[in-house]
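Novice: Residue numbers (our numbering), protein chains in the order written: chain A, 19 to 427; chain B, 19 to 427.
Treat the hints with care, as some may be off.
Treat identical chains as interchangeable: a pair holds within one or across any two.
Stated by the list, open to error - Calculated cross-link-like contacts (lysine to aspartate or glutamate; reagent style DMTMM-like; alpha-carbon spacing at most 25 Å):
#, residue 1, residue 2
1, 148, 233
2, 420, 391
3, 148, 382
4, 390, 108
5, 390, 417
6, 420, 382
7, 420, 393
8, 390, 167
9, 148, 417
10, 279, 417
11, 384, 109
12, 279, 108
13, 232, 147
14, 48, 382
15, 128, 108
16, 420, 313
17, 232, 27
18, 279, 130
Please keep in mind that the hints were generated in silico from the structure rather than gathered at the bench.
Number of protein chains: 2
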Amino acid sequence: MPVNLTVPDPASLHPVPGIRLGIASAGIKKPGRRDITLIELVPGSRVAGVFTQNRFCAAPVSLCRERLAAGSDIRALVINTGNANAGTGEEGLARARQTCEVVASMMGLKPENVLPFSTGVILEPLPVDKILPALPAAKEDLSPGHWCEAAHAIMTTDIVAKGASRQIQLGSRTVTVTGIAKGSGMIHPNMATMLGFVATDATVSQSLLNQLVKEVADVSFNCVTVDGDTSTNDSFILIATGQAGNAELVDAASADYIALKAALSEVSIQLAQAMARDGEGATKFMTITVEGGRDHAECKQIAYAIARSPLVKTAFFASDPNLGRILAAIGYAGVPDLDVNAIRVWLGDVLVAEHGGRAASYTEAKGAAVTKEAEITVRVALNRGRANATVWTCDFSYDYVKINAEYRT
Amino acid sequence: MPVNLTVPDPASLHPVPGIRLGIASAGIKKPGRRDITLIELVPGSRVAGVFTQNRFCAAPVSLCRERLAAGSDIRALVINTGNANAGTGEEGLARARQTCEVVASMMGLKPENVLPFSTGVILEPLPVDKILPALPAAKEDLSPGHWCEAAHAIMTTDIVAKGASRQIQLGSRTVTVTGIAKGSGMIHPNMATMLGFVATDATVSQSLLNQLVKEVADVSFNCVTVDGDTSTNDSFILIATGQAGNAELVDAASADYIALKAALSEVSIQLAQAMARDGEGATKFMTITVEGGRDHAECKQIAYAIARSPLVKTAFFASDPNLGRILAAIGYAGVPDLDVNAIRVWLGDVLVAEHGGRAASYTEAKGAAVTKEAEITVRVALNRGRANATVWTCDFSYDYVKINAEYRT
């Protein structure tokens with residue numbers, strides 16, 4: 019069951035001026051399932067994205083990269099679940115293009131104004147015969163208030179829909195940031211089986227938006243892992259509609275930029291954490307922090323070694339403070355010249371290891387008191403520098419195996 | 019249940035002239051459990067070893083490294099299960115030394131003639147109060163014929179004891195190679211929670227033996243993964259007692275060296291595969307072969323990405339030919355400039371993917387016929403070079419979670 023995660027209250031997801039969302043049912047995987055989402059952007063909107071590093075990237079990812087790189091004027095996003103359109107070769111590309119063409123013709127746009135997204139099973143042909151007839155209904159459904167419905171429509175094995183929203187003041191203007199995401203398995207950065215769409219009505223220059231999408235992804239979606247598998251389809255899209263009326267943000271050192279980045283990061287972190295809280299079979303939410311490293315990269319490397327260790331994750335599932343597995347993961351993370359005698363490890367506030375072994379003050383009862391909770395923090399101090407990194411993950415339960423063994427049945 | 023793996027027939031494990039083994043019960047984890055193994059080597063034996071790359075290496079690993087590097091004359095090995103003596107700091111080293119001292123005094127040796135090995139739970143103090151009193155009984159039990167008993171005594175979560183044996187002719191001399199190993203979880207190379215002891219009565223120079231242990235490990239124990247976790251205690255020891263009467267092997271190009279290496283590799287591969295066959299919760303044995311790569315390293319990188327993917331492993335547990343997960347793992351393995359359109363993938367003899375997508379000739383029924391078997395081969399052709407690599411692993415089942423959630427209870 020998802021860990022401390024509830025369906026967002028629709029009223030909590032503020033509409034973003036300049037954006038309308040429409041949902042429809044194509045019945046791709048199950049009859050009647052609302053599996054098509056259309057997002058319409060007002061003219062003048064700017065869009066930036068980061069995508070999976072997987073070499074077997076999906077056809078829609080290729081198209082998104084191509085269109086964003088070409089500086090296309092993006093006016094619509096079309097998202098289907100139930101089929102990833104990945105590992106589908108030239109035919110998959112043709113079908114993604116065809117979907118965009120139909121959206122474009124329906125909305126009076128050019129195909130290159132449309133970005134496609136798919137998530138679901140890999141290596142099966144995209145069922146355009148089901149998708150294309152459903153698009154007009156999605157257009158009919160367009161509404162500024164449909165963020166929560168869209169959060170539901172993009173789910174795959176997610177149990178809980180994921181949405182987050184903030185409002186901030188930029189000078190005299192109220193600026194909204196609202197986002198939705200999906201993802202619960204095959205979650206590992208750069209990136210995860212995740213789709214994330216975060217929009218603001220702020221006016222931001224294209225070059226700054228391109229920078230923002232990377233900076234925000236690095237502190238949010240690129241800090242979460244469920245099972246270490248990096249998917250073929252991951253996409254994180256940042257949209258700035260420019261409807262708030264603020265002066266265009268062009269300076270990364272300005273207070274307004276910093277304030278907007280903070281709000282975007284908060285929303286994205288909430289969405290990213292929601293993916294770990296709703297990780298397949300999750301019963302625990304874990305925060306792994308590594309500090310005192312020489313640089314961010316080595317801190318993250320150790321944090322991920324702990325976060326993706328099946329042995330650590332099954333121990334936490336059992337509420338077992340099996341600290342040895344944490345030490346082992348630190349040890350095999352591959353960080354050179356690591357002096358294990360200088361490392362200290364805490365479980366929650368309990369010092370569990372120092373001087374290369376168990377802390378003298380540690381007792382099993384203290385450790386067990388931490389691990390029985392639904393939220394567990396592991397903190398590792400390397401004592402060799404000033405960098406740090408944090409990663410979020412979940413435990414590894416019977417249900418993870420069940421969900422993934424039965425995914426296609 | 020272990021996949022096509024049965025307890026070795028004691029008669030199949032040929033004694034190695036110059037070696038005696040004795041077992042005793044210290045009751046470290048469970049009262050009455052036979053958990054102490056003593057291996058006595060005839061004077062003049064040569065020993066070489068490779069050990070875990072984990073920075074949090076166990077105390078006995080540190081001692082073994084130190085004594086082998088110093089060129090100590092090794093005359094005895096002492097192995098306990100139930101406690102890894104890892105993450106135990108200076109006190110752990112002192113206890114490992116103390117164990118060796120008692121063995122040495124009992125056998126008329128110096129402490130540096132003894133190598134210690136431990137496997138079991140990490141971060142708990144080695145219970146020397148239980149181990150030391152049990153050592154005399156292990157000495158009393160010493161016998162050339164106790165290989166099978168030793169294979170049982172070094173088990174932890176293993177279900178089936180692991181032993182293998184060969185005899186070859188070197189000139190007019192019959193040479194024996196016999197080995198035992200343990201390991202079934204926290205199995206990932208460089209190395210695994212594994213202990214492997216392979217002995218021969220051949221006469222081999224020390225420098226050639228040092229080379230042999232690395233070459234043999236690279237084609238056997240370093241080709242297996244269960245869960246990607248590299249343990250703190252892994253040790254692979256090669257012993258040459260020099261009792262066979264062959265002319266000392268000093269030339270790595272000689273036919274005799276090549277014959278001996280082949281026999282040692284066969285025994286070690288059988289033991290390494292046995293670890294995957296007996297992988298925690300295993301229901302399938304998988305062989306992942308990647309060929310046509312630019313070098314061995316990139317082939318191994320891709321083979322391991324497939325072999326350690328929880329998504330691939332849970333799909334195989336379900337006998338589900340979810341090929342997309344294999345393609346995704348190839349794609350995120352991190353090999354640069356990979357042209358996915360040039361890759362071909364087979365499941366058993368069935369071509370499943372080419373041209374970046376599913377093979378036209380592929381049907382779900384053909385794939386399912388392969389994945390319902392207990393032994394599954396995945397073959398990937400990269401078509402960009404002549405190198406190849408093979409990795410063995412097992413699937414990921416409910417029982418993996420159960421075994422590791424309940425390990426300490």
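Novice: Could you run down the list of hints and mark each one as holding or not?
Specialist: Hint by hint, here is what the structure shows:
1. 148 <-> 233: neither (37 Å within a copy, 56 Å between copies)
2. 420 <-> 391: Both: 23 Å inside a chain and 20 Å across chains, each within 25 Å.
3. 148 <-> 382: between (56 Å within a copy, 21 Å between copies)
4. 390 <-> 108: neither (50 Å within a copy, 31 Å between copies)
5. 390 <-> 417: both (18 Å within a copy, 22 Å between copies)
6. 420 <-> 382: Between. Shortest inter-copy distance 21 Å satisfies the 25 Å Cα cut-off; intra-copy 31 Å does not.
7. 420 <-> 393: Both: 23 Å inside a chain and 21 Å across chains, each within 25 Å.
8. 390 <-> 167: Classified as neither; 35 Å inside a copy, 40 Å across copies.
9. 148 <-> 417: neither (31 Å within a copy, 39 Å between copies)
10. 279 <-> 417: Neither way: residue 279 and residue 417 sit 37 Å apart in one copy and 45 Å across, limit 25 Å.
11. 384 <-> 109: between (58 Å within a copy, 22 Å between copies)
12. 279 <-> 108: Result: close neither inside a copy nor across copies, 38 Å intra and 48 Å inter.
13. 232 <-> 147: neither (36 Å within a copy, 57 Å between copies)
14. 48 <-> 382: between (48 Å within a copy, 19 Å between copies)
15. 128 <-> 108: within (21 Å within a copy, 70 Å between copies)
16. 420 <-> 313: neither (38 Å within a copy, 37 Å between copies)
17. 232 <-> 27: neither (28 Å within a copy, 60 Å between copies)
18. 279 <-> 130: For residue 279 and residue 130, the Cα distance exceeds 25 Å both inside one copy (28 Å) and across copies (61 Å).
In summary, the structure is inconsistent with hints 1, 4, 8, 9, 10, 12, 13, 16, 17 and 18 from the numbered list given earlier, while agreeing with the others.
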